[in-house]
Amino acid sequence: MKRTIAALLCMMLGTGCATAYSLVEPRRAPIGDLYTVEPQIPWSAAKAGKMELWTVDGPALQAIRFINGLTDGDALFGGRDKEKRPKFRKAMTPTEIMEFVVDSLASSGLQKVEATNLRPEPFGDVPGFRFEMRFVYGGGLEGQGLVVGAVAKEKLYLIMYTGARAHYYAKHEEDVERLVRSVRMQ
Amino acid sequence: MSPRWTTATLALLVLACVACATPGGSPQALPDIKPGERPALDTDEAGLWMQMDRVEENLKTSGRLLADANLTAYVREVVCKLIGPYCPDIRIYVVQTPHFNASMAPNGTMQVWTGLILRSENEAQLAYVLGHEIAHYLRRHSVQLWRDVRSKSTLLVYFNVLTAAAGLGFVGPLANLAALASVYAFSRDNEREADEFGLALIVQAGYDPREASRIWEALMKERTATKDSAPFIFFATHPSTEERIDTLKDLAQKATAGAGQAVIGRERFLAATLPLRAMLLRDELRRREFGGSQVVLDRLLEGGVRLGELHFFQGELYRLRAEAGDAAKAVAAYEKALGYEDAPAETHRALGLLFSKAGEKVKARSAFERYLERQPAAEDRHMINTYIRQLE
Numbered sequence: 001m002k003r004t005i006a007a008l009l010c011m012m013l014g015t016g017c018a019t020a021y022s023l024v025e026p027r028r029a030p031i032g033d034l035y036t037v038e039p040q041i042p043w044s045a046a047k048a049g050k051m052e053l054w055t056v057d058g059p060a061l062q063a064i065r066f067i068n069g070l071t072d073g074d075a076l077f078g079g080r081d082k083e084k085r086p087k088f089r090k091a092m093t094p095t096e097i098m099e100f101v102v103d104s105l106a107s108s109g110l111q112k113v114e115a116t117n118l119r120p121e122p123f124g125d126v127p128g129f130r131f132e133m134r135f136v137y138g139g140g141l142e143g144q145g146l147v148v149g150a151v152a153k154e155k156l157y158l159i160m161y162t163g164a165r166a167h168y169y170a171k172h173e174e175d176v177e178r179l180v181r182s183v184r185m186q
Numbered sequence: 001m002s003p004r005w006t007t008a009t010l011a012l013l014v015l016a017c018v019a020c021a022t023p024g025g026s027p028q029a030l031p032d033i034k035p036g037e038r039p040a041l042d043t044d045e046a047g048l049w050m051q052m053d054r055v056e057e058n059l060k061t062s063g064r065l066l067a068d069a070n071l072t073a074y075v076r077e078v079v080c081k082l083i084g085p086y087c088p089d090i091r092i093y094v095v096q097t098p099h100f101n102a103s104m105a106p107n108g109t110m111q112v113w114t115g116l117i118l119r120s121e122n123e124a125q126l127a128y129v130l131g132h133e134i135a136h137y138l139r140r141h142s143v144q145l146w147r148d149v150r151s152k153s154t155l156l157v158y159f160n161v162l163t164a165a166a167g168l169g170f171v172g173p174l175a176n177l178a179a180l181a182s183v184y185a186f187s188r189d190n191e192r193e194a195d196e197f198g199l200a201l202i203v204q205a206g207y208d209p210r211e212a213s214r215i216w217e218a219l220m221k222e223r224t225a226t227k228d229s230a231p232f233i234f235f236a237t238h239p240s241t242e243e244r245i246d247t248l249k250d251l252a253q254k255a256t257a258g259a260g261q262a263v264i265g266r267e268r269f270l271a272a273t274l275p276l277r278a279m280l281l282r283d284e285l286r287r288r289e290f291g292g293s294q295v296v297l298d299r300l301l302e303g304g305v306r307l308g309e310l311h312f313f314q315g316e317l318y319r320l321r322a323e324a325g326d327a328a329k330a331v332a333a334y335e336k337a338l339g340y341e342d343a344p345a346e347t348h349r350a351l352g353l354l355f356s357k358a359g360e361k362v363k364a365r366s367a368f369e370r371y372l373e374r375q376p377a378a379e380d381r382h383m384i385n386t387y388i389r390q391l392e
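Protein chains in written order, with our numbering: chain L, 1 to 186; chain C, 1 to 392.
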């Protein structure tokens, strides 16, 4: 349990903790128990709890976070005060889920988090949503993100891609777009 | 006297020595800093400044910095009113964080947190808090505290070795505790001095000193509502809020006796801060400290400025808190907001979401349609149109 919390914190903060990464080859791979994706390039992957993180240059520069099946009352990230963490509710609309993601990222230490352009977008063959984000990392580096997701069987599934606006987000943006289009339900 | 009593008496005596290592809680009185002064390079104070220069360099690029030229210029204007000749020595950084705070480093770096802006009702209240921080800078409290900690920790090392050698090792932890309490007491004395000095600065600048205690009273009410545990006074770095309120009221009464018309500066304060208030309220609600946020909102509602915006955020508080009965309270607050012209368009969207969840399809659809009427180019219009179709 302690190991999971430590790994989650490292993944959340994008710090250089000694997280155990494994290589994901560019072929169809399962994400949790709901769907599969087909990456076009190799990624380094680490898992902790309901989150799986993929990165090429390190999570502080760019990362895909797969959030796999948050249930009612779950928080997106850990934190010191459990009561004050934003929590997912199964009845949330996409508008509220966007707010939940933004507030969770803000409480995790990102600054000036703003989400825009919320719109419907199928997640595999499930009705889903998509939005983009702008934010500033604690050190002042500007960041960018895209989030796609859906609520399936009352659980929340998200694919969140974030990265530094200078170079690193754009570097794998197209790979991520293809990966999102490759979502196939198991 | 029995050996047991001798040992205990000796222990108490040496303990008292450590706690009183610096008579009166003050290491060495320093003259106030002069305008344009920098400490000599071979002093410990210069070392402290160098450390703070590094912190300031990081602050300049921090993601928390609020790059709002108008607000920063306004805060600077207030600071310059308080201490004209020192004005060029102070750099102001407005930091976007929803907690009540301001700080002043010995090198002239002043941080003003947006939580303080949200909780101030007027310029006089803001000026008092800034004046308090400026007092720390002028009286060189940081270097005094640094020297106090250093002298007590050096003495403690010798003390612990000597007591251990004398077979009184058990006294060590007690001495550490006494020294720590003494450092906190010294810090509290500095805070008391800064309160007094800050109040004198605002009186000199023509502000109404009665506003100083009002901001503390509001803060105390907020702390009670958030159920945050108050710090144990023995170790608190600041005097108790109750003590500060009493002292400030007393000082303000003396200062205003026979004085002329004092400035509160409500209009100027609102002109500089209102454009940012919605963003600051959004930050405030992200804290998920709903009890405290309610106190903040109540004060703003009493102020009566832009009530549509405030009732909207009242609705947001209920919606996010989501306790039993909160959905109905949120609907009532949003509907009240819509009675004012300044209610944001998002009020309709929020109502649409709540009606939709309550199964009130006609009302939900109508609310979403009104949102799109007011914001035809809304970035989330495709999602809202989907909601409307689902309600058909």
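It is worth saying that the hints were derived from the structure and are not from the lab. Careful: at least some of the hints might be erroneous.
Derived list of chain L stretches under chain C, where covered just means 3 residues or more per stretch with a C-beta under 8 Å from a C-beta of chain C [what the hints assert, rightly or not]:
1. 48–59
2. 109–118
3. 174–186
Derived pair list, reagent style PhoX-like, types lysine-lysine, alpha-carbon separation capped at 20 Å [as the list claims (entries may be wrong)]:
4. Lys87/L x Lys50/L
5. Lys336/C x Lys155/L
6. Lys34/C x Lys90/L
Just a few of them, taken from the derived set where beta-carbon distance is under 10 Å, the chain L residues facing chain C [said to hold, decoys possible]:
7. Glu38
8. Glu83
9. Met98
10. Ala106
11. Phe131
Everything numeric in this text was worked out from a predicted model, so none of it was measured. For every residue, glycine included, the Cβ atom is placed at its ideal position computed from N, Cα and C.
Hint-by-hint comparison with the structure:
Using a Cβ-Cβ cut-off of 8 Å, 0 residues of the segment 48–59 of chain L lie near chain C, which falls short of the minimum of three, so the contact claim is violated. For the segment 109–118 of chain L, the assignment as covered by chain C holds, since 6 residues bring a beta-carbon within under 8 Å of that chain's beta-carbons and 3 suffice. Coverage of the segment 174–186 of chain L by chain C is violated. Counting CB-CB distances below 8 Å, 0 residues qualify, and the rule asks for three or more. Between Lys87/L and Lys50/L, the direct Cα distance comes to roughly 14 Å. Compliance with the 20 Å bound is thereby established for this hinted pair.
Under the criterion of a C-alpha separation no larger than 20 Å, the hint pairing Lys336/C with Lys155/L is inconsistent with the structure, at around 34 Å. Note on Lys34/C and Lys90/L: the hinted pairing is violated, with a Cα-Cα distance of about 61 Å set against a maximum of 20 Å. About 27 Å separates the beta-carbon of Glu38/L from the nearest beta-carbon of chain C, more than 10 Å, and the hint is not met. Taking 10 Å as the C-beta cut-off, the interface hint given for Glu83/L holds, the closest approach to chain C being about 7 Å.
A distance limit of 10 Å between C-beta atoms decides the matter here; for Met98/L the minimum to chain C is near 8 Å, and the interface restraint holds. Interface restraint check for Ala106/L: the shortest CB-CB distance to chain C comes to about 5 Å, inside 10 Å, so the restraint holds. At about 8 Å, the closest approach between the beta carbon of Phe131/L and any beta carbon in chain C falls short of 10 Å, and the interface hint on this residue holds.
Checked against the numbered hints above, the structure breaks hints 1, 3, 5, 6 and 7 and satisfies the rest.
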